[in-house]
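Colleague: Let the sequences and hints guide you as you build the complete structure.
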Amino acid sequence: MSPINPDSRISLGRRAFLQQGALILGGLTAAPLGQLAAAADQKQRGAVRVGLVTDLHYADKPPGGSRHYRETLKKLDEAVTQFKKDEPDFVVFHGDLIDSGKSLEQEKQHLQTIVTAIDAIPYPRYFVLGNHCVDQLTKAEFLKGVGQKESYFSFDRGGYHFVVLDSCFKSDGTPYGRHNFKWTDANMPASELKWLKDDLQQTKLPTIVFVHQPLDLKDTAAHAVKNSSQVRKILESAGNVAAVFQGHSHRNKYSEIGGIHYCTMVAMVEGSGLTNNGYSTLDVYADGSLVLNGFRKQQDYHWS
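Every letter in the sequence shown is one number past the one before it in UniProt numbering, and letter 296, counting from 1, is 296.
Please keep in mind that the hints were generated in silico from the structure rather than gathered at the bench.
Cβ coordinates follow ideal geometry from the N, Cα and C atoms, glycine included.
Where hints are given, some of them may not hold.
Stated by the list, open to error - Per label pair, the in silico range of CB-to-CB distance:
no.: 1; residue 1: Pro-122; residue 2: Thr-220; range: 40 to 48 Å
no.: 2; residue 1: Ser-191; residue 2: Ser-100; range: 26 to 34 Å
no.: 3; residue 1: Lys-194; residue 2: Glu-87; range: 35 to 43 Å
no.: 4; residue 1: Gly-64; residue 2: Gln-202; range: 40 to 48 Å
Stated by the list, open to error - Below, computed lysine to aspartate or glutamate pairings styled on DMTMM-like, alpha-carbon distance capped at 25 Å:
no.: 5; residue 1: Lys-61; residue 2: Glu-270
no.: 6; residue 1: Lys-61; residue 2: Glu-141
no.: 7; residue 1: Lys-84; residue 2: Asp-156
no.: 8; residue 1: Lys-170; residue 2: Glu-141
no.: 9; residue 1: Lys-297; residue 2: Glu-87
no.: 10; residue 1: Lys-253; residue 2: Asp-185
Modeller: Here you go:
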């Protein structure tokens, strides 16, 4: 390991500071290494700490390409152990909790199995709908399975406002379910856009958004929400949205658009073995700083 310059002001999260394993992308705000490492320490946690996981794709079936469906249970167990150490205020699962099954009953079993494993997390959990969550299931069936009433909603915690969005709708506004959609046709209907605009207008708190399909891509991109430009306009007009955390494309990606940070997180299902795991904790501070501490394949980020 090469020596670390104590005067360096490169933005690194805790695990990158320790391992120098993270890729640092443009647009991240500089801060002293020692300060960032201390800020991420358990004793100096943020006003709110959030556990983040995406694209588990659990299924009782053989690997498909780079996706190792059954291994998700071991990877999740590792994340649960880490969360018990870091004690987040809540954990967000960013969609594609399960993968497709041969039948509706098998998908229900996949959901029951992964939810039983998630129940080992002794903190509140929130679930973002992903396209694979409702391959054969309906949204109502999925939500009942995870014990959640709504697919999009908001809540406050520690001086921050958090928004969970649902982009699993066809272009005509029909909700995904029972094989009635193409994964490339992801949208937010007019009713949800109105709800989002009204919700953001009703809070003065700094806001963080959770969604499955990316909002920082061109509307025509395969993995994008097809009306993402409309969604971004609402987020930017609100003036209080700090960051958006998303999944779906299975790889680390960062961008900044209109003063908002967009962080696409790595999928847990990709690759065999715990070395290919990926999950993170996010600390949000009273001064507006955000520190994402990535584990395994997940990158680290710090934004002031």
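Colleague: Could you tell me which of the numbered hints above are not met by this structure, giving the numbers in increasing order?
Modeller: none
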